[in-house]
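Chains as they are written, first to last, in the numbering used here: chain Z, 48 to 251; chain B, 8 to 899.
Don't read these hints as lab results, they were simulated from the structure. Treat the hints loosely; a few may be bogus.
What the hints assert, rightly or not - Derived BS3-like pairs: lysine-lysine, alpha-carbon spacing no greater than 30 angstroms straight-line:
1) Lys633(B) to Lys152(Z)
2) Lys728(B) to Lys477(B)
3) Lys219(Z) to Lys633(B)
4) Lys728(B) to Lys56(Z)
5) Lys204(Z) to Lys647(B)
6) Lys152(Z) to Lys477(B)
7) Lys647(B) to Lys109(Z)
Stated by the list, open to error - Using C-beta positions, here's what the derived DEER-type ranges look like:
8) Glu86(Z) to Gln582(B): 32 to 42 angstroms
9) Gln155(Z) to Asp561(B): 45 to 55 angstroms
10) Asp561(B) to Gln160(Z): 12 to 22 angstroms
11) Glu571(B) to Asn104(Z): 52 to 62 angstroms
12) Ser639(B) to Pro163(Z): 34 to 44 angstroms
13) Leu176(Z) to Phe544(B): 49 to 59 angstroms
14) Pro163(Z) to Glu571(B): 18 to 28 angstroms
Here a beta-carbon is modelled for each residue, glycine too, at the ideal position from N, C-alpha and C.
These are the residues of each chain, in order.
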Amino acid sequence: MAATAGGNKIRNAKLVLLGDVGAGKSSLVLRFVKGQFVEFQESTIGAAFFSQTLAVNDETVKFEIWDTAGQERYHSLAPMYYRGAAAAIVVYDITNAASFTRAKKWVQELQAQGNPNTVMALAGNKADLLEARQVPAEEAKAYAQENGLFFMETSAKTAINVNDVFYEIAKKLLQGQQTQNPQGGMVLNQRPPERTVSSSSCCV
Amino acid sequence: MASTSSSSSRYAKHRRIGEDEEAEDEQEDAEEELERFDDFTIASSWERFISEIEAICRQWLADGPKILMQKGAEGVASFENLYMIKRELKHGKRVYSMEYHFMKSAKGKNSYWEDDTHSMQLSFGVDEFLIIAPLSASGVVLDDPESTKLLSSVAIALSNCGSNWPAFVPIHDPSRKAYIGIQNLGTVFTRRFEADRIGSQVPIRLMHLEGLHELFLSKFVLSSTDFPARVKVHFSMKLTYKTPEYDHDIETLDSEATGSLTENEVASHPRKQWDDDCPWAEWYSAEDPVKGFELTAIWGERTFEETLEMAEVENASSFDADSWFLHPVVSQYMVDDSIGKFVGFASQLHLLVNAYESSEEAQFLEDLAADASGQDNSKSTATVPPPSVIDRVMKDLFSDEAGNLNYMEAENKYSRAMRGAPADSLFGQFCLHALWFGNCNIRAIAVLWIDFVREIRWCWEESERLPRMKSSSSIDLSSCLIHQKLQMLAICIERKKSLNPEKGAGQKDDNSNSTSTNKIRKGSAGVVPKMMLLSSFQEMHAPYTQDAPLMTEDMHEERLHAAEAFGNAVGLSGQLERDVLSSDMSAFKAANPDAVFEDFIRWHSPGDWVSEDKADDNLGWPPKGKLSQRMSEHGNMWRKIWNNALPLPVSEQKYLLDPVREGEKVLHYLETLRPQQLLGQMVCAAFKSSADILNKTTYGGFKLMKTKMEQLYATMASTLKSLQGNSDINDLAGDLKRLCQVFEHIEKLLIIAASIHRKLIDAPRLAHAIFDDYFNYYLPKMGTTLESICYEKEFTTKEKVGIHERDAVSKLFPPPTANQSWRKVLSMGNLLNGHEPMQREIIFSVQERISNGHYSSPTPLCADDEQIQTQRMYISGTSNDLWVALSVTSWD
């Protein structure tokens, strides 16, 4: 899986976006993948798939992005998307307190049901709409710290911090891979674990 | 004792320095006058021998414990504080070995009952000591003159260098453990030692404390015709009891009532195993690792003046002893790692891993199973149990009683990483059965699997509910694929069952309804509170909707690959959700015939409705508001789907999941599964299920055990994870075998934890402490190498029993049944619940005051203590064995 292209390793990483209806998940992805912004992005039906590569130092991460729908109706399908994800971005809308509450629920669910090694990010989107802010940045930041997430306020509209979120995730994935520790278990062998970040894309 | 010995050694040192100078002077003189004098002190061989001993002792004395330890003195096995240095000497044709035993740090007074006391120290009341013995097979001096001569040599040598070390020579037959010894105590006193043993036919008199007391007195009042009226004898005693064998007559342990059972009755009962109610008992019975307990009761120093008082002590209850110590007698199998010694989950998992290794050979399970008829009996390792056994397993797996299980398992954070199946689920149980089916070889597994799948196909075709499957409408994607497939199949069977009878009846209804009017509400699940339709003043009804379509991991992966390959171009990625949306819209339309798109959005995606009503509870109609900008865009996909959706209640809709098609797909998967894929999943599920079963054991929540159990899960999670990848099977097998080793250690520890816990259920603190002791003893074994560590060291740690725990501990010694008590002739006294001690150790001593006026020269012994121990006797006895060690101080 770790394809070698001119000494430059490409890591596949499955990434999933979760969050309330209208938090701006699709907009974030579109900004990152295509550099576009549509004021009124159509509501995602189900889930959309994108992919994008990102270079970090001399390594390349290829993100396989699942942009999920925020409607409650699709909640039961969500595990299919976050299962085996190497990273998850939980998105909320800083102008909508309810969306922050929903985001916390997603974080809880990921912690309980997801892969323990998943890198989790919390993104407070629509950071350009400062006058309508309902969720203080400090509150979100404190929450993120408590739960071991990394946090950024983003704006898909102005592109602030959008690439940074993905870049940070890529960096964390690569770091995490180097120091993959056996989390409290006993060490059985000295062979270095030759695992890649993503476990979902293994051929079956 | 410590104070006197330290002061005496100080004194000795002082003297030694002086003597050293003298010695040097002498040596110089000798050199100067070499030509004129013969040195008669080394004239005879005997004298040379003495001077050789002296030289060694001087060296050792000069070095002192610290330097000797640096110089390579070795620790004496099983004593932490005791070290020993050894030299060999020649005298004539014989070679002797001289050992000096010393302590790293001084011991406290009266600490002789501690476990860290060497038998020489205990027997003779000494701290450091010298033993000189011939290097022969017996290691003892057999003839009297030699032993006397040897002891004198040492005594002279020691006295020459001013040392007050006691010296011992073993004599007679080795089995007698007889010694003679001498200790030079300054200028005035000499202490003499002797010890001997009666190996059989101990006179009855000497089996009782009274007689032993008299024996002690007789040793030092020999001269006088009658005993002095009152001699203050110090007395201290250690009694060691051993619990009766557990497996002998287990019932007597459980309740006293069964004590009345005759032997016939006992025999007619099915034998009860100690672990019958342990979770693993369903699969195997473990040998009880705790063979019994040894209880040590210690009577601290007290003083007696009359022999008659001794009889009272003998009759006193063991509860009057000053302290109790408990030590479990642990079976050797605990520390024996050789393969086949321990049979438990670990051993079976090891076999399963072997089968996994060989699963690469065959393409199809049928090939492996067919092999069975071909070369039967040729390889005993690959035999398949007879059909009757298979039938029994199948009956158990598919029995009706198995019923609806709700996997009462303690979810832990690692279980998801293991990709197993719940222990009581159908596949979990299959794996557990497979472990114990035959010897878990690949052929037996193949045969069992084929029958298993056949049985599942039967359930499918007869629309019989799958046993041992939780009835739920979701698939646990963190379980192994086979378990997911079985979950899918269970759901398909449910749906198939509900499909057949209802479809016909439902359709008729629909036809009549749809022809009459389009406006009839169908498939409503109830009114949505505070929601009115926009176009008509009617309550909004929520429709019944179809369950979200289910996917197993591989189906989802297929979707992912398709999405990766085609991107969003064909809209493949959202097709599933689009179907769900369309189905929801149809159902909504059916439940609300007058509804418009906006109504649906208000119900389905409230975030996309911008309400303009001032207050929430204002039920003004029509509700003011509009669709969000993105929903009202031209060409919105949602609206398109809405426009195309027919009003159909769920009952009339096409199933999002076709149960027949999906069910067949599952069976196809199970029937064509490659051996390696099956075995890989079995390994994961079997490890996880076995661990889950063990984890259900009650062991009193010992902390160290809990931690180890968690560590086991973590280790399993990280090892089994690599089974998901496509790593080399041989690398994996190595890791898995190491995992089996770890599993075995923890399984054994868990069994001993459970055993200790249940035996000391009323003394939880003590149970915990004893387990911790054993754990710490066992820990070095937990290395991860496949080679077993040989354990020379025995587990000896004793744990002090608290006063309030004595009742609980005494229950370990149930009063013997009538049967048992007549079998054994009790002879020693000091009974505990009718059991006599296995060993009784006694120390008698007499201390005498020394008035300085009488002995004018200051002696090292009474520098700060005016009492010295003049006579001491150590007696260790069982009912047919008596060993007596005597030390007598005399002034001559």
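Evaluation of the provided hints:
| no. | hint | in the structure |
| --- | --- | --- |
| 1 | Lys633(B) to Lys152(Z) | holds (28 angstroms) |
| 2 | Lys728(B) to Lys477(B) | holds (25 angstroms) |
| 3 | Lys219(Z) to Lys633(B) | violated (43 angstroms) |
| 4 | Lys728(B) to Lys56(Z) | holds (23 angstroms) |
| 5 | Lys204(Z) to Lys647(B) | holds (27 angstroms) |
| 6 | Lys152(Z) to Lys477(B) | holds (26 angstroms) |
| 7 | Lys647(B) to Lys109(Z) | violated (34 angstroms) |
| 8 | Glu86(Z) to Gln582(B): 32 to 42 angstroms | violated (27 angstroms) |
| 9 | Gln155(Z) to Asp561(B): 45 to 55 angstroms | violated (28 angstroms) |
| 10 | Asp561(B) to Gln160(Z): 12 to 22 angstroms | holds (19 angstroms) |
| 11 | Glu571(B) to Asn104(Z): 52 to 62 angstroms | violated (25 angstroms) |
| 12 | Ser639(B) to Pro163(Z): 34 to 44 angstroms | holds (42 angstroms) |
| 13 | Leu176(Z) to Phe544(B): 49 to 59 angstroms | violated (37 angstroms) |
| 14 | Pro163(Z) to Glu571(B): 18 to 28 angstroms | holds (25 angstroms) |
Going through the hint list in order, the structure does not satisfy hints 3, 7, 8, 9, 11 and 13.
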